[in-house]
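My numbering applies: residue 1 is where the sequence shown begins, and numbers increase by one.
Note that these hints are calculated values from the structure, not bench results. Quick caveat: nothing in here was measured; it's all calculated off a predicted structure. Treat the hints with care, as some may be off.
Listed below are the simulated DSS-like cross-link pairs for lysine-lysine, each with C-alpha atoms no more than 25 Å apart in a straight line [as the list claims (entries may be wrong)]:
id: 1; residue 1: K151; residue 2: K20
id: 2; residue 1: K147; residue 2: K20
id: 3; residue 1: K175; residue 2: K189
id: 4; residue 1: K109; residue 2: K175
id: 5; residue 1: K189; residue 2: K202
id: 6; residue 1: K135; residue 2: K20
id: 7; residue 1: K135; residue 2: K147
id: 8; residue 1: K151; residue 2: K166
id: 9; residue 1: K109; residue 2: K166
id: 10; residue 1: K135; residue 2: K175
id: 11; residue 1: K135; residue 2: K166
id: 12; residue 1: K147; residue 2: K166
id: 13; residue 1: K189; residue 2: K151
id: 14; residue 1: K147; residue 2: K175
id: 15; residue 1: K31; residue 2: K151
id: 16; residue 1: K202; residue 2: K20
id: 17; residue 1: K20; residue 2: K31
id: 18; residue 1: K202; residue 2: K147
id: 19; residue 1: K135; residue 2: K151
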Amino acid sequence: GIVDVAEGRSDIAMSSREIKLEERQRYETPKIRFIEQPVGYDAICLVVSPDVYNEGVRSLTCDEVRRIYSGAITNWQELGGPDTEIFAIGRRPGSGTRDTFNEIIMGSKEAETPAVSYDAGESSEVKFSTQRSDKAIGYMGFSFVMKGDTKVVALDGVQPTIDSIKSGAYPLARKLYFITLGEPSPGAKAFIDYILSPEGQKIAIDNGFIPI
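When you get a sec, could you build the whole thing from the sequences and use the hints?
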């Protein structure tokens, strides 16, 4: 989305991360800069297979998650779960969800996650894969967690709720942005204003996102 806006194919980009420095350096000029407008909140939620959850893995620390994805922890038994190998699901390169997870959990957006066995394309794929497995862990957007029976684990003892996400108490909370390069066109501005209106924010709520 950001590239489409920068190269003139779209009026508005939707993003779950801020503009990167290299994107600013590539596309901005002294007079035309990216504008990031927060339009809601989301969070990245850690989910595990039902078998793992039911065996007692209900909360993980950021350090434990980092060690899972780095390959330092390989068996759920080390975390109070079943004696089975951990199947770690990541996200494909370019994903804003992956960037946020890597930055907060792994320490850098460019961090390697050598323990990942499979890179999912979207949150619905993570949801499907964890529910069909007996040993998986993955991460997905808050809106997908709200739909159906997904086994969400707390992170550093904090469950992802509306209050914990908006306050920043939940470690993997994030803002959602509409992004334009330069001032938005009249049509784009009208749409952005609509999304920020009570009616537009209700659409965000109806789709599992958290209003500004």
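*Given the hint that K151 pairs with K166, does the C-alpha gap stay at or below 25 Å?*
At roughly 22 Å apart (the allowed maximum being 25 Å), K166 and K151 satisfy the hint.
_Hinted pair, alpha-carbon criterion (25 Å max): K135, K147. Please report holds or violated._
holds (21 Å)
*Starting from K147, check that the Cα of K166 is at most 25 Å away, please.*
holds (20 Å)
*Mind checking the alpha carbons of K202 and K20 for me, to see if they're no more than 25 Å apart?*
Answer violated: K202 to K20 is near 30 Å, above 25 Å.
_For K109 and K166, compute the direct alpha-carbon distance and say whether it is at most 25 Å._
holds (22 Å)
*Holds or violated: K175 to K189, with C-alpha atoms at most 25 Å apart*: holds (19 Å)
*When you check the alpha-carbon spacing of K20 and K31, does it fall within 25 Å?*
holds (18 Å)
*With a cut-off of 25 Å on the C-alpha distance, tell me whether K31 and K151 pass.*
violated (48 Å)
*If you draw a straight line from the CA of K135 to the CA of K151, is it 25 Å or shorter?*
holds (12 Å)
*asked:* Would the hint linking K151 and K20 be met if the CA-CA limit is 25 Å?
replied: Not OK: K151 and K20 at ~32 Å, beyond 25 Å, violated.
*Holds or violated: K109 with K175, Cα cutoff 25 Å?*
Measuring from Cα to Cα gives roughly 16 Å; hence the hint holds.
*For the pair supplied as a hint, K147 and K20, is the alpha-carbon distance within the 25 Å limit?*
violated (31 Å)
In terms of the numbered hints stated before, the structure departs from hints 1, 2, 6, 10, 11, 13, 15, 16, listed from lowest to highest.
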